[in-house]
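*Asks:* Sequence:
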Amino acid sequence: MKTLQPLSPPKAFSNSARTIVRLSFLITALAVRASEPAGSGPQATLVAPGIWRIHFGNPEPFTPIHFQSAPMDSSALKTMPDKKPIPVDQNKISFRCSDRGCSVLLPMKSGESIYGLGLSTKLFDLTQGKNGQSGRHVFLKPTDSPENELGESHAPAPFYVSSEGYGVFIDTARFASFYTGNNSPTLDAVETHGREVKTNTTGRPRGMKTMLVDVPAAKGLDIYVFAGPTMLDAVKRYNLFSGGGVVPPLWGLGIQYRGHAKLGADETLELANRLRADHLPCDVWGIEPGWQSKAYSCSFVWNSNTFPDPDGFLQKMRGLNYHMNFWEHAFTHPSSPIYNELKPWAGNYFVWGGLVPDFASPKGRQIFLHQQKVALFDHQVEGVKLDECDYQPESPAPWSFPLNTAFPSGLDGEQMHSLFGLLYQQVMLESYREKGLRTWGLVRNSHALASSLPYVVYSDSYDHHCYVRGLVNEGFNGLLWTPEVRDATSLEDFYRRLETVLFSPNALINSWFIRNPPWYQINREKNNRNEFMPERVDATDGVRQLLQLRMSFIPYLYSAFNEYRTTGKPPIRALVLDWPTDPKVRQIDDQFMFGDSVLVAPMFAGQNQRDVYLPAGDWYDYWTREKCSGGKTITATNGVNQIPLFVKAGTLLPLAEPVEFVKPDTCFKITVNIVGPNPSDFILYEDDGVTSAYARGEQNKIKLHTKGDSHSVQRSGNYHGPDRFKIVAWQQF
Numbered sequence: 001m002k003t004l005q006p007l008s009p010p011k012a013f014s015n016s017a018r019t020i021v022r023l024s025f026l027i028t029a030l031a032v033r034a035s036e037p038a039g040s041g042p043q044a045t046l047v048a049p050g051i052w053r054i055h056f057g058n059p060e061p062f063t064p065i066h067f068q069s070a071p072m073d074s075s076a077l078k079t080m081p082d083k084k085p086i087p088v089d090q091n092k093i094s095f096r097c098s099d100r101g102c103s104v105l106l107p108m109k110s111g112e113s114i115y116g117l118g119l120s121t122k123l124f125d126l127t128q129g130k131n132g133q134s135g136r137h138v139f140l141k142p143t144d145s146p147e148n149e150l151g152e153s154h155a156p157a158p159f160y161v162s163s164e165g166y167g168v169f170i171d172t173a174r175f176a177s178f179y180t181g182n183n184s185p186t187l188d189a190v191e192t193h194g195r196e197v198k199t200n201t202t203g204r205p206r207g208m209k210t211m212l213v214d215v216p217a218a219k220g221l222d223i224y225v226f227a228g229p230t231m232l233d234a235v236k237r238y239n240l241f242s243g244g245g246v247v248p249p250l251w252g253l254g255i256q257y258r259g260h261a262k263l264g265a266d267e268t269l270e271l272a273n274r275l276r277a278d279h280l281p282c283d284v285w286g287i288e289p290g291w292q293s294k295a296y297s298c299s300f301v302w303n304s305n306t307f308p309d310p311d312g313f314l315q316k317m318r319g320l321n322y323h324m325n326f327w328e329h330a331f332t333h334p335s336s337p338i339y340n341e342l343k344p345w346a347g348n349y350f351v352w353g354g355l356v357p358d359f360a361s362p363k364g365r366q367i368f369l370h371q372q373k374v375a376l377f378d379h380q381v382e383g384v385k386l387d388e389c390d391y392q393p394e395s396p397a398p399w400s401f402p403l404n405t406a407f408p409s410g411l412d413g414e415q416m417h418s419l420f421g422l423l424y425q426q427v428m429l430e431s432y433r434e435k436g437l438r439t440w441g442l443v444r445n446s447h448a449l450a451s452s453l454p455y456v457v458y459s460d461s462y463d464h465h466c467y468v469r470g471l472v473n474e475g476f477n478g479l480l481w482t483p484e485v486r487d488a489t490s491l492e493d494f495y496r497r498l499e500t501v502l503f504s505p506n507a508l509i510n511s512w513f514i515r516n517p518p519w520y521q522i523n524r525e526k527n528n529r530n531e532f533m534p535e536r537v538d539a540t541d542g543v544r545q546l547l548q549l550r551m552s553f554i555p556y557l558y559s560a561f562n563e564y565r566t567t568g569k570p571p572i573r574a575l576v577l578d579w580p581t582d583p584k585v586r587q588i589d590d591q592f593m594f595g596d597s598v599l600v601a602p603m604f605a606g607q608n609q610r611d612v613y614l615p616a617g618d619w620y621d622y623w624t625r626e627k628c629s630g631g632k633t634i635t636a637t638n639g640v641n642q643i644p645l646f647v648k649a650g651t652l653l654p655l656a657e658p659v660e661f662v663k664p665d666t667c668f669k670i671t672v673n674i675v676g677p678n679p680s681d682f683i684l685y686e687d688d689g690v691t692s693a694y695a696r697g698e699q700n701k702i703k704l705h706t707k708g709d710s711h712s713v714q715r716s717g718n719y720h721g722p723d724r725f726k727i728v729a730w731q732q733f
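So for the sequence shown, this note's numbering puts the first residue at 1; every next one is plus one.
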């Protein structure tokens, strides 16, 4: 059996980061080597507590693990429940190699459900086929049109988690196919009697359930198995294996507004002042393509006509307390200062007349990053939006590079399409790492092992139901997803969309194609003609109240992200992760947990009411404070400006007085809500909210505790800056 080789981290890392990742991979490789059994059969080797690796054949050199963004968090993994033996029967795993690639067959149990395999906005339980059939074909291919039945998405990731309490990661960057529970090998016994004549395949048994993974081109695979004992434990192990979850800057959890693509400096400042005059909370301002001299493809040079004084413009925006985020894509226009130098380090096909940088090559990363520093990072721009880094597999007029593209690093077009967004994130993150700063950005393509990256996946799609399903699915794969608000068919549609946005990782209002805020006019054409709705003032007031709701949850959500970092627990997740033994949550794809205590059940335009399933235990309606018994379905009839929210009994819910923006010295004034009897303690995480010092231990934990009429606040840790949280009141919910 071939031993695990040390893996080289991306060369664009800083020296310190590169050293840490190299040491992590070397330690893992030596541990695996020492435990390798003799012989050539497929044997599982322990990589970390509760994580095994199974090696087949000769894997390709370029895989997600080769480009892993952060080292495995070994210390956190050691605190998880020890789970032995491996939760998959090795004797029932088979591997096959052929001229077209390789495949692996893994066992499944009757009634087993599968979740994950990337950030699908259309699918949920991946064993549920169409028209009542069991099993499904999930195709892991990046796409710019994620609303499809194949599982193609903005972030395909070859990791799945089972309702049986284990997870599996297939280390490949190929467009793999997963056949979830609907293929049986011919060696199985087949029923030969008692079969009635049927006219369709609904409910027809298919013999032994299996997971068949088909990987083109590859001649070998490394498979990683993650133990539970629960589904959530398996996901936590995967995220800690990936380096742990990301912690955003505090300001990143506020509201982000993106202006029209063609607004210049003066128009942007006028609109930014308007939001401040209306006292609408907003922390991040997004600038779309118009800042560049050339876009589609990109020059990465400021447009001197629309932004004649970049530093002056940025200074004025910062004076209004906005953090700046700038749009771009990677395809490099011939007018860019780096074009000639980058050309030897790019793919051999153009996109929109621009070069496709080879982000897998150290030199290509270095050249590209240099121009980003000159254009953006040296001007203290705090975030970027990385667009068009996905693929369009079903388009009759494809715009991106073909699958046979050759890159100097050795990747082909298929592998690069899978990894392009992931590598792009790594390149752009490097500048912030060098400065010891956090960032918070957007990306339109990601992949596996991405939990440590401070980028949220977005889409140009606009189906509200699919947006919600993306939030439900994000927790299975260490990914973050943001719906967004643009225009709307009605004020009700606008409010319902905004409510969903506010309970996502990144609260995004994206007005890239309308010149005025959508609450002035929801119709795109009328908005751009400055024809405002008669309800504009009332709508502005309604929007203010909703945005303030998001701001009140920032300390609570910040704690959830810190738990994501230290334990791997996703901050937003499907109900099935928290209640895996409840059969009623297996198919619920329109409700989700927001942190540990709050259940969110979005409503959609045209709904006067909706069913909400509350898992076992007592719950409290956030708006009415009415107690609701769990284990059953209730009817929510929330008005258009209220999203159904339910708070789990036995918890403390810290809510802050809303602020319009988060400053470096902002101190949130918090009321601690006591929800039900005997609540568990709650931990607030206090740090500077901006730098990476928290990762070096410069952080406080503030433990909130109550028993009867006695309340206590215990602050401990090594953060000595301004207080970020002040407890001003305790109250019964």
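Do not take every clue at face value.
Calculated lysine-lysine pairs in the DSS-like style (CA-CA distance at most 30 Å, straight line) [to be verified]:
1) K703 to K78
2) K122 to K703
3) K219 to K262
4) K343 to K294
5) K435 to K294
6) K92 to K219
7) K109 to K78
8) K726 to K122
9) K343 to K373
10) K109 to K584
11) K122 to K109
12) K627 to K526
13) K726 to K703
Worth flagging that the hints you see were computed from the coordinates, not collected in a lab.
*Asks:* Go through the numbered hints given earlier and state which of them the structure violates, listing their numbers in rising order.
*Replies:* 2, 3, 8 and 12
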